[in-house]
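In order, the protein sequences belong to chains A and B. The opening position of the first sequence corresponds to residue 1 in my numbering, with each subsequent residue numbered one higher. The opening position of the second sequence corresponds to residue 1 in my numbering, with each subsequent residue numbered one higher.
Check before you lean on any hint, since a few could be wrong.
As the list claims (entries may be wrong) - Distance condition first, Cα-Cα at most 27 Å in a straight line; then the derived DSS-like pairs of lysine-lysine: (1) K70/A with K9/B; (2) K26/A with K70/A; (3) K26/A with K56/A; (4) K9/B with K99/A.
It should be emphasised that the hints constitute simulated quantities derived from the structure, not laboratory data. Nothing here was measured: the structure is a model prediction, and the numbers come from that model.
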Amino acid sequence: SQQGEEDPQALSIQEGENATMNCSYKTSINNLQWYRQNSGRGLVHLILIRSNEREKHSGRLRVTLDTSKKSSSLLITASRAADTASYFCATYGSSNTGKLIFGQGTTLQVK
Amino acid sequence: DSGVTQTPKHLITATGQRVTLRCSPRSGDLSVYWYQQSLDQGLQFLIQYYNGEERAKGNILERFSAQQFPDLHSELNLSSLELGDSALYFCASSVGVLHTEAFFGQGTRLTVV
């Protein structure tokens, strides 16, 4: 089963609105990462938040992490049509291996 | 451009055949990951190599194998192909063996007919 599970599976918003997507994971983590994938293309790393951080910003992106609830959220502010993509969270999990596991993703459409 | 190069971009082959997908990691990256992405299974972790050694294994089929060569490029071999193996296959690389960001190639779209 996936380490990370995103919610919602799909999100449709108007340009200029904010988009929030959530990720839950199962085991303890060292960090949690968010990636974007444009249709049929390779994933692009967006941001990494470490387990001792609660919030991190990068441009229009804001990521929060709640290790007590094993959850993270990605907020994209002032969305643009170019933000239309699938967004995935990923973690290495608790094992000391390089198994970087991705959730099922949230598909965002910005109209 | 992530710096990770995958070849070929597209591959069409018949059932029962064997194919090899190739990946060149970013300069300086020692880890290579392979993923399979299909519509119904999402992004599935197959295997990871670090500096030539296998470090992590996912639900990789016995018909699939991979290796990382001394120059750090990697190959994923898929044999006895089935229709269900049709998918996007991604390679990614990172500097370290874990806890680091990964950089993805553009993928190889495999179609088995």
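Taking the hints in turn, this is what the structure says about them:
no.	hint	verdict
1	K70/A with K9/B	violated, 37 Å
2	K26/A with K70/A	holds, 7 Å
3	K26/A with K56/A	holds, 21 Å
4	K9/B with K99/A	holds, 25 Å
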